[in-house]
Amino acid sequence: MTTPQLKEATITRSKGEVVNDFAMTVATMNGSGSQTSNVTLLRALFKMGIPVSGKNLFPSNIQGLPTWYTIRVSKQGYLARRNTQEIVVAMNADTFVQDLASVVPGGAFYYGDHLKFEIKRDDISIYSFPAKQLAKDSSAPANLRDYVANMAYVGVLAQMLDIDMNKVREALEFHFDGKEKPIAINMGVIEAAFAWSTANLKKTDPYRVEPMDKTAGYIMADGNTAAALGAIFGGVQFAAWYPITPASSLAESLAQNIGAFRDKEGQDGKTYAIVQAEDELAAIGMAVGAGWAGLRAMTSTSGPGISLMTEFAGLAYYAEVPIVIWDVQRVGPSTGLPTRTSQGDILSTHFLGHGDTQHILLLPGSAQECFEFGWKAFDIAERMQTPVFVMSDLDLGMNQWMTKPFQYPETPMDRGKILWEKDLEELKNNWQRYKDVDSDGVTWRTVPGNKNPHSAWFARGTGHNEAAKYSEQAGDWENNMQRLKKKFATAKEYVPAPDVSTAKGAEIGIIAYGSADPAILEARDYLAEDGLQTDYLRLRAVPFRDSVRDFVTGHRKTYVVEMNRDGQMHKLLQLEFPQLANQLISIPKHDGLPLNARWVKQAIQAEEQSHE
Amino acid sequence: MTTPQLKEATITRSKGEVVNDFAMTVATMNGSGSQTSNVTLLRALFKMGIPVSGKNLFPSNIQGLPTWYTIRVSKQGYLARRNTQEIVVAMNADTFVQDLASVVPGGAFYYGDHLKFEIKRDDISIYSFPAKQLAKDSSAPANLRDYVANMAYVGVLAQMLDIDMNKVREALEFHFDGKEKPIAINMGVIEAAFAWSTANLKKTDPYRVEPMDKTAGYIMADGNTAAALGAIFGGVQFAAWYPITPASSLAESLAQNIGAFRDKEGQDGKTYAIVQAEDELAAIGMAVGAGWAGLRAMTSTSGPGISLMTEFAGLAYYAEVPIVIWDVQRVGPSTGLPTRTSQGDILSTHFLGHGDTQHILLLPGSAQECFEFGWKAFDIAERMQTPVFVMSDLDLGMNQWMTKPFQYPETPMDRGKILWEKDLEELKNNWQRYKDVDSDGVTWRTVPGNKNPHSAWFARGTGHNEAAKYSEQAGDWENNMQRLKKKFATAKEYVPAPDVSTAKGAEIGIIAYGSADPAILEARDYLAEDGLQTDYLRLRAVPFRDSVRDFVTGHRKTYVVEMNRDGQMHKLLQLEFPQLANQLISIPKHDGLPLNARWVKQAIQAEEQSHE
Amino acid sequence: MSENGHTNGKTAAPAAGNVQLNVVGLSKNDYRGAPTTLCAGCGHNSISNQIIAAAFELNVVPEDMIKLSGIGCSSKSPAYFLNRSFGFNSLHGRMPSVATGAMFGDHLLKSLALSGDGDTTNIGMGQFKHIMRRNVPMVYIIENNGVYGLTKGQFSATAESGLHLKYQGTNPYPAVDIVQEAMASGATFVARSFAGDANQVKGLIKAALSHNGVAILDIISPCVTFNNNEDSRHSYGWGREHQEPLHDFTYVPREQEIQVGEFPEGTTRTVELHDGSTIVLKKLERDYDPTDRGAAMRLIEESHNEAVLLTGLIYVEPERPSLADLYGLPKGRPLNRMVENELRPAKGLIEKANAMMF
Amino acid sequence: MSENGHTNGKTAAPAAGNVQLNVVGLSKNDYRGAPTTLCAGCGHNSISNQIIAAAFELNVVPEDMIKLSGIGCSSKSPAYFLNRSFGFNSLHGRMPSVATGAMFGDHLLKSLALSGDGDTTNIGMGQFKHIMRRNVPMVYIIENNGVYGLTKGQFSATAESGLHLKYQGTNPYPAVDIVQEAMASGATFVARSFAGDANQVKGLIKAALSHNGVAILDIISPCVTFNNNEDSRHSYGWGREHQEPLHDFTYVPREQEIQVGEFPEGTTRTVELHDGSTIVLKKLERDYDPTDRGAAMRLIEESHNEAVLLTGLIYVEPERPSLADLYGLPKGRPLNRMVENELRPAKGLIEKANAMMF
Ligand SMILES: Cc1ncc(C[n+]2csc(CCOP(=O)(O)OP(=O)(O)O)c2C)c(N)n1
Ligand SMILES: Cc1ncc(C[n+]2csc(CCOP(=O)(O)OP(=O)(O)O)c2C)c(N)n1
Ligand code: SF4
Ligand code: SF4
Ligand SMILES: [Mg+2]
Ligand SMILES: [Mg+2]
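Chains as they are written, first to last, in our numbering: chain H, 125 to 736; chain V, 125 to 736; chain B, 29 to 386; chain X, 29 to 386.
Chain H extracted, bound-state conformation (with noise of 0.2 Å):
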């Protein structure tokens, strides 16, 4: 990716002064905390109404592996993942001489000057500044001077960079809940770190920042947090879960911040229940088990939970009891790459399940479509009585993002096709639990603890008739199947509609989906610049609306573009849309990393290349 990295090195050093416009990269050490300093920088970047991302790229244990942050000051308002960075600071003796490697001509490198190292590169600017002896003038106690060692950098860029430190004061207090005692010491080595590179440092390079409004109307949300608020305002009931990376913090929010929103005062009792259970087989099964009774019940987890969970999920598709099941998306197969991000399930958590299974899958795209398929995602999956997949992933889970402020639910909860006594009264218990009476696949279900001594069915993941009687009969059995498969086109009208964007006079599309989107948002302009006009839909759910259709026809090729080997999304639509296969083409990537804007324009243009 040599080009671009010249190109954007050039872009931005051509008009002297950089600003608003690059990449910092922080390079620690992982269990060095230095998240606080660095959601800090990003807040405070925020705050001063400049457009950023925060990326974290770290490894899969604990402690003393390197890490990387990433934050990204994009005036344009381009959030996706650069792969040049102009600004690195340098914690980590073991990544010292690659950081140092990584920064672009006429970039800046910072670093803490307890690490000797031999400095060669003289086209990007060097800045070293005294972390430790800042950590050990602080108030800070002894067994936390490592850890505040790192809020020296915070001070020293925010010099640097123009940084408002009123609103990294906001962003400390905020992190700290308001607290005096950690703000003040945080502070201090802020404000010490940035006296004293007022006092020692000379800036020779071209980046700062100034002050936007281009983030009001913006909150900062990460994905797994926005889920667990969406799915608690959609009535979440019971959520049974085992830790996995990266959806952990999803549950875990889910269970911390519940009873902020659902517990009242003097209510007799809680209104909901989360289970961490022993594995993930137990997890569906638990779900399973109230959803069949009439809970809005969900489970989250990641790929190889996934897997484990397959035969229950062809439990619940064919015995037809509504689950949410969120998917955390990380690199598969196997254990694969437990802190990269990828959307590599599509197709095995589409057909999971042996025999003939089709599932729902929900593609939130931002952390606020997190929240909203977190509530949404219940109506979905009691309205249509079958299990619901919302397919996140890493990046989007994890990670930081400048959303949309979460939207109270516009519509009334959906809890589908539900009989209690006074209901099957008035049927006069002409009901049958697997009968096709609104002709639409949908079925009308009981849950126990209806007391009507008509309402009681067997449920089973055996063959069974409408009546829900054991049925070996090989009619019953088609006609239920068929059934099943009508009301899988029956959900195409209740899942989210995908959305479009066009411009004028594209005769090519762009089809991506979930946290591949600010990539293509970005992508978009720099192909407009060398003259290629495309239009986009982003997809919001599997089955697909006819708008889908609809759109691949109107265009001479469609390009697939998404984070998986396999081109997995590109094989449902061609799998779909058989007629429109020549011109639906696959752009896949899968290096586990946030996808890059310049990556998406380079292999779309050398397609259309390849293709004149």
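No lab work stands behind these hints: they were computed from the structure.
A virtual CB, placed ideally from N, CA and C, is assigned to each residue, including glycine.
All clues given are correct.
Computed footprint of chain H on chain V; a stretch qualifies when at least three of its residues, placed anywhere within it, have a C-beta under 8 Å from a C-beta of chain H:
id, stretch
1, 458-464
2, 478-484
3, 586-597
4, 603-612
5, 683-692
6, 709-722
Once the Cα atoms are required to be at most 30 Å apart in a straight line, the calculated DSS-like pairs of lysine-lysine come out as:
id, chain 1, residue 1, chain 2, residue 2
7, X, Lys180, H, Lys256
8, V, Lys256, V, Lys240
9, V, Lys388, X, Lys138
10, V, Lys593, X, Lys230
11, V, Lys260, B, Lys180
12, V, Lys541, X, Lys138
13, V, Lys593, X, Lys180
Guided by the hints, dock chains V, B and X with the ligands onto chain H, whose structure is given.
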């Protein structure tokens, strides 16, 4: 399906006497022990040189529910299931009425006279016989009377249909392994029934048999036993399994027979181990451990077990461990119909496991091929260092099939790319586990017990580089995954090529696989009779050879006939040949019954018309 | 019980004159299920009958119970009792997780689960152990026959070591003792019985239904069809009489269910199974104190050495909070009756959610 | 050992002068692994060192051992010892099945498995129980810290009931006692130790490596990072000192591994963990007889009541045949060395196969 019924009936009756061309169903109660009687009839007919097939339609319970056994006698050599029966033997009160109704006009209805029902039909021949009395008169011990009562209908049918009693005896001798006593007792009842029939029954229906020479060079075998014997000739060293219908008999006959072929006089210890695991996760886990440790390892299961094997399948794919997995398919999703047949696991098994995975599938189409793939699967698995799934089904696995004799493996064992001490010394230890030195995507491996100090490597499901060291590098991940993709392409040339049979001037093609084969062969004749010539390609494996593309390209239309709801193989073909998508038409059937030729014929004709 | 719920199922109780009705106005018929499809003589059927009797005598309304099971002959049996109760015939070995989730749906219902030895101690061992740790309030019956009935007689983990079965060979592994596993996992109600001991089975089921926590009932329930011990004195069929196998797996003679009459506490009773093999039951003493954990553990060890099957209520810990208690569920209302305004936070709280973010 | 195998790894032993070599001519370095990536002060590292020492002192050739593990910090550790041994870092909770299969590949190798409490007693409970039933010959070490380290500190099933962790709240469930589970499953070698008791750990590993059967070692191995007990006297960070959380999950202070010096059999030793909480170890008496199962069971029950952790070799049953014995594997040769003419029946036998059919 009334049209063909009448049709078949008329075809047959027009000739007055109907010889060697009818279907005969025996209706009994599960647990009543009719199996010996039924296979005795089947084998006697086979020994008479008449093509026969036997299909057992049994419930998912052990005793007391209805079960039907259908023997088809076909001078044309058609082995597929018929929808109609000319002869019915009723031994079960619970189904007497429907059994009576199921006889085609002009057919014959036999029943034990202990069943007291009013019989209204006058368009068929009715015969009753004293089953219980004949049993009582026999030398069978009291506790076995119910059982031997079933022998009565063997004798009656033998007499009424001209079945050769010497062949009946041969069948019994084989069944009881030459043990005089049981042979005598059973034969006694049969002869008594024969005599009774001669004295008391007057034949008024047209159906009978005559000796032919059409079974010379064939044997009768079930696919599960064939698969087990094939594995034995493939040098299987380790098998772990968990009981499940319809796969259990595969592992059980492996356990029962391997000693007779593999234990040698005075040899120190066994050359194999067969372990009944605690569940399917453990079964495949053990197989993966054994495969990694250098053994020819296998497991056998059905759909629910495959679902539980998902996570391990992904590990074996990514860590590149050779194992063979037999999926004797039954009707899913979920527990589904455990005693009905299906081809419903194709898609989910091909994509089994989260992340980007593609698995090799072998598709045996006969008992003989179950034997062949029984050994060949190991060669492919060890050559490709990946899981190989052999997709059999209940019909193929559990029913008796007229099939070509098992052939001794024509090629020596292929243990694939494996290095022992000497090999490493020759390489001067310059070897890396995952380095693609032959650029075919397949790398060289060593196995535990190799004493060369440079032989060891650490297997893992996490990201690794060519040296099998843990790696989170984006490049390592991408390269390794691309190599696996290349490996899958390489596999094309190692898997069995499809089986193509052509007809003069055929413009349309049929693609099918597995136990659908006999119905296709028969349907092609019917279509030809109606003036529609067809070529036929029987798939034997995924990935597809290039010849599959050529076949589809070479035909105006290609019908993909299979036994599932969603046209799963049709989908895989669409994905592989998107440009040909419009020429590929799916003909799926999922009623749990073996495929029926007239249904296939009509389905194809309907499609042909609809497209005119 | 819940604002829009009836308090009992009277509506369905037969008007019939001299049918005996219980306190909630139901006849025994109201507790029956579909006709069994299990083998004649299967111990599982005896147990189903005692479940019906126990529920009837306890005056439980069927709508106030749910039935759960895994996969197996044993797991089929919930279809053969309590037709008016909701039921879930789930997955092989995974019933405990389904039961755990279902409990939260309506924790005021009594749940009764049926499983087999294979379902529980082979594929299900993990979930079985964890449901006991969680003390999920439910009756958990294992119909223990030492084999996989539904898949035709393979050994399960509770088969005695050294047992030789006609089509299976000899079992090389030690048997899992369900009672000991339950003790190790801190189950709060641990009992064992024999399917043929109707009164003891019924009594234990009643006691278990009254326990607030997980109640493990290990009920020895012989498989007449496949627990067919080669070495036994007169296993059925020509097998032994004629020195060669009957060779028809599909023949299942119709047997009678085994019933052992009353026998006093503290005594042992030798029972002959269908295949002629025997087991020795030892009923706990009348004055045995089931709350003494140490004593229970010692007795179990001894019973191993004496090769007897201890029957009766072996251990009970009434006080430990059940999972429902731990989760502070509402006293009077099930979660599945809650409606939107109880479940969805008020509109204003969306601000709070956004404020939590930055 | 096998016709085309070397008998030891001399080739790789350093020529160095004063490096200490063992009987098979190897230095301790030949037993090391890659540098650890676990936290400084993690108990797991101490155990890795004792594995290296034990193998070196036992004069095992590394090529004669294999390493297995599941997933977790503990399961990562096989990468940090015995570089020259084959290893398989398998799936979470499923190592026992992989180990069982691998044993058949070359049953002459010693297999040593590492697992965690979550890996073994949560997701892995089922396979753990069954590997003990089968008596698979292997050393099975559980590095027991009561939490899920790698996923950042959630409770595992061995966490004490009532334990309160900063980010996890209070654990409502009783702890699984691995030793008791091992006894219930008939494990033939059951021991417990503490990671900081270097000599006892090393001694037990050596004994385990010499046992023919499954050897269960429950080694308490504190997680310095997440076993951070709120209620303890001085858990690190501002958490307690300043009444508010440090609020940076990513900060992991570097701690020292805890070491307890020698302490005599029969005595107890109170150990303070990094977070200031304490555990009490009780070493078995010198004259304790580990072959007396009844006694072992009683001691275990008592230790529960006294709330002490029994350490030492608690039970051993040397005679029970291992899985390798049960399967009659060759005395001198591993299966994975067998070649075509040993594995594929002779050509003539195809007739026999066809004759078996009809
Ligand atoms: C995942 C899965 N594996 C295997 C089976 C096949 N199967 C059905 S029942 C059963 C064993 C039942 O044994 P047990 O639990 O003892 O019940 P029993 O029939 O003896 O009463 C098995 C292995 C299945 N249904 N699902
Ligand atoms: C199927 C699956 N589920 C979840 C995970 C995530 N995971 C990795 S390690 C771990 C727990 C490890 O705990 P433990 O076994 O106690 O090891 P420790 O880290 O404490 O040494 C979990 C849940 C996984 N890798 N695979
Ligand atoms: S097979 Fe055995 S367990 Fe199953 S129903 Fe028959 S007797 Fe009962
Ligand atoms: S997190 Fe805990 S268990 Fe994991 S390495 Fe660190 S100290 Fe050890
Ligand atoms: Mg059983
Ligand atoms: Mg742990």
